[in-house]
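Enquirer: Here is what each chain is made of, one letter per residue.
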Amino acid sequence: SQKIEQNSEALNIQEGKTATLTCNYTNYSPAYLQWYRQDPGRGPVFLLLIRENEKEKRKERLKVTFDTTLKQSLFHITASQPADSATYLCALDPDSGKSTFGDGTTLTVKP
Amino acid sequence: NAGVTQTPKFQVLKTGQSMTLQCAQDMNHNSMYWYRQDPGMGLRLIYYSASEGTTDKGEVPNGYNVSRLNKREFSLRLESAAPSQTSVYFCASSEGTSSEKLFFGSGTQLSVL
Numbered sequence: 721s722q723k724i725e726q727n728s729e730a731l732n733i734q735e736g737k738t739a740t741l742t743c744n745y746t747n748y749s750p751a752y753l754q755w756y757r758q759d760p761g762r763g764p765v766f767l768l769l770i771r772e773n774e775k776e777k778r779k780e781r782l783k784v785t786f787d788t789t790l791k792q793s794l795f796h797i798t799a800s801q802p803a804d805s806a807t808y809l810c811a812l813d814p815d816s817g818k819s820t821f822g823d824g825t826t827l828t829v830k831p
Numbered sequence: 008n009a010g011v012t013q014t015p016k017f018q019v020l021k022t023g024q025s026m027t028l029q030c031a032q033d034m035n036h037n038s039m040y041w042y043r044q045d046p047g048m049g050l051r052l053i054y055y056s057a058s059e060g061t062t063d064k065g066e067v068p069n070g071y072n073v074s075r076l077n078k079r080e081f082s083l084r085l086e087s088a089a090p091s092q093t094s095v096y097f098c099a100s101s102e103g104t105s106s107e108k109l110f111f112g113s114g115t116q117l118s119v120l
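Protein sequences, first through last, are from chains A and B. In this text, residue positions in the first sequence follow our numbering: the first is 721, and each later residue adds one. In this text, residue positions in the second sequence follow our numbering: the first is 8, and each later residue adds one.
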């Protein structure tokens, strides 16, 4: 069956360090993969999209990699700040218009 | 520039009652979606609409109906609410017919007693 797994439910890091979040998937052939940020009591907010033919995408302090052989995406936040504390969700869509979301990883950045 | 607006923000129902969750977007997007999110879990797709006049089932459609009233509005109806439908409901929209770059509303917290 199709499955999306995000690494540990919670990740705690020190301010200034790089946070690395993992999204692994099985039995999908996604045309693209997306990362969203969700704050408590709010709807998810789109951050980055990476397509199957792209290896890496960057946006300011954010970097996403996509390895279709390993069936894995890594999401990096460099020079992390307490304001980066949130839940981060990955989402896959094999181009059917039906994005499927992982359960999310809650990141806490400590001052 | 409101984006995606959902009403109501909170609702408490008794088992068996019906209600409609409203969603409207002002970005002229083609596709609209309804997701539910249970504690500690990701979002699960209930229904989606790739264009005005079309709707399709998602992962968890049982117990729900939808209406794409026009390009702006997409409503979700619970005909006979059950405690298992206690959840946070999110409406989302995207510009094209795929689910790239979803814009989400702020959610409706629904409790069914």
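Honestly, I wouldn't trust all of these hints.
List time: in silico EDC-like cross-link candidates among lysine to aspartate or glutamate, alpha-carbon distance up to 20 angstroms [claimed, not checked]:
(1) A:Lys818 - B:Glu66
(2) A:Lys818 - A:Glu772
(3) A:Lys783 - B:Glu107
(4) B:Lys16 - B:Asp45
(5) B:Lys108 - B:Asp33
(6) B:Lys108 - A:Glu776
(7) B:Lys108 - A:Glu735
(8) A:Lys818 - B:Asp63
(9) B:Lys108 - A:Asp759
(10) A:Lys818 - B:Glu86
(11) A:Lys818 - B:Glu102
(12) B:Lys64 - B:Asp33
(13) A:Lys779 - B:Asp33
(14) B:Lys108 - A:Glu729
(15) B:Lys16 - A:Asp759
Since the hints were derived computationally from the structure, they do not count as laboratory data.
Enquirer: Any of the earlier hints contradicted here, and which numbers?
Expert: 7, 10, 12, 13, 14
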